[in-house]
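As they're listed, the protein sequences go chains A and B.
Taking the working numbering, I'd label the letters of the first sequence as residues 17 to 216.
Taking the working numbering, I'd label the letters of the second sequence as residues 870 to 1204.
Relax, there's no trap hidden among the hints.
Examples of chain A residues lying across from chain B (beta carbon under 10 Å, computed): (1) 33; (2) 48; (3) 57; (4) 81; (5) 128.
None of these hints come from the bench; they were simulated from the model.
Even for Gly, the Cβ is constructed at its ideal location relative to N, Cα and C.
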Amino acid sequence: MARMKFLCDADRCIECNACVTACKNENEVPWGINRRRVVTINDGKPGERSVSMACMHCTDPPCAAVCPVKCIFPTEDGIVLHSKDLCIGCGYCFYACPFGAPQYPQVGNFGSRGKMDKCTYCAGGGGPEAPGSVEEFAKYGSNRFGEGKLPMCAEMCSTKSLLAGDGDIIAQIYKERVLKRGYGSGAWGWITAYREDIEV
Amino acid sequence: MRVFARIRLLIVTIALLSIAAAVPVYAQKLGPDGAPNPTASVVDQQTLLKQVPRVEGRIDIPDTKAAVLIQPAGRTWDYFHEVLLHWGGAIVILGTIVLLGAAYLIVGRVRIAAGRSGRKILRFKAFERFSHWLTAVSFVLLGLTGLNITFGKTVLLPIVGPDVFSDISEAAKYVHNFVSFSFMLGLALITVIFFRDNLMERVDIEWLKQGGGFIKSKHASAGRFNLGEKLVYWLSLAAGVAVSVSGLLLLFPFYGTDIADMQIAQGVHAVVAVLFIALILGHIYIGTLGMEGAFEAMGTGDVDLNWAKEHHDLWLAQQLANKDRQRQPSATPAE
Chain A
17 MARMKFLCDA DRCIECNACV TACKNENEVP WGINRRRVVT INDGKPGERS VSMACMHCTD
77 PPCAAVCPVK CIFPTEDGIV LHSKDLCIGC GYCFYACPFG APQYPQVGNF GSRGKMDKCT
137 YCAGGGGPEA PGSVEEFAKY GSNRFGEGKL PMCAEMCSTK SLLAGDGDII AQIYKERVLK
197 RGYGSGAWGW ITAYREDIEV
Chain B
870 MRVFARIRLL IVTIALLSIA AAVPVYAQKL GPDGAPNPTA SVVDQQTLLK QVPRVEGRID
930 IPDTKAAVLI QPAGRTWDYF HEVLLHWGGA IVILGTIVLL GAAYLIVGRV RIAAGRSGRK
990 ILRFKAFERF SHWLTAVSFV LLGLTGLNIT FGKTVLLPIV GPDVFSDISE AAKYVHNFVS
1050 FSFMLGLALI TVIFFRDNLM ERVDIEWLKQ GGGFIKSKHA SAGRFNLGEK LVYWLSLAAG
1110 VAVSVSGLLL LFPFYGTDIA DMQIAQGVHA VVAVLFIALI LGHIYIGTLG MEGAFEAMGT
1170 GDVDLNWAKE HHDLWLAQQL ANKDRQRQPS ATPAE
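Isolated chain A (complex conformation) (with noise of 0.2 Å):
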């Protein structure tokens, strides 16, 4: 069984932001949802990187754990979903999170977040509608994974940075690419995510 992840090859990434508008056009996310951003550090500064950053689809994922109302878990392929059916809109996934990756639609003041948003893998959603149905793309977005393809924000990136699909795999292209140039920053959040990091 694969193990979905992300990766951000900083050395590559050209803050281009087309990972934040591909992810929010194909999965129509509501304003003021960023599903993927991209942070740069140092910016200005000698040394200046760019990561794009989402859900990173954690190994124990934290959000899950501190779910009250146990809405929020790992599939079988390592993709963390959840069900806005049962969501409360607490805020506790936001606290644990440790790359900012759910989102609300409201500020959230009087506990009223309404339900939480966060990237998808492009897997549809873990609730009770029928994958790839209209009922899941509305709540969720979109379900390219059910169709055997990887999120759309990785494959539209054009340094192809933004690396999807199993861990392994793209773990040893990013090893490769280091290789081959000489240097690199680094796996982002693989540690905190995956607790693992990629020896080069």
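With chain A fixed as given, assemble chain B onto it according to the hints.
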């Protein structure tokens, strides 16, 4: 002029030096030809995470809080919430219940030694009782809905199923968020109206030496409130303020707080709330099962004279003296 120029130079130099000292992360590395080497200057994520607790950067989208790239503290908070709080909370609350059960079995109900006299005296006025019960009802609702957020998924979820449990929890969330205001109002009222009678006195030390009324052969004198009640007052006030402040911070996310602050606020809120529940369990026990004649003080407001004599003799004496003074016409009539 020359002096000013020197001072200015000094200030600029110090400013530049302090900037250089403050941002070692951005230190340039130079290539063999002396030119800056951007690739070599890259800070890899492992080094960065050792230097800062949260990796932050610049972001293009308007949502500025999304500029935090990685905050490993989320895992720490997960551990606190799922392991420390679950076990700690369960041990403290169940432990308190076990202790109180043991106290009931060993000490039993503290009876009115002299029996009921049949005469009553007013202990709590209607407004005082209202303030108490406003706080008490709010507290029980907040406690149950709060415990549901932490323990509901282990206790209630397997019984009612995910859909019903989700509906209950969502309703409980709103109850918790809005009942908090009546709790804060009640807390403020209690703080004000009982403040003077809860100031510490010399008799409180004596009360402690006499075993707080639990040793039957000794009599522990007390005013309107004994040391035990005063401790409940002060501890409740401290815990109430702590849960109110931390709760308000959580009620309005990102108003002066960030994720790190909210993690701390949630931790404080949860830990104090568990201890608060344990304290109030003790308070409920002594006010109902644990002592004969105690509940009616907050129930009807009137207590038996013999109960007052045994537990609050100084207060009773004062009350009776006041009554006598009111009954006797004044020697010098008012003009």
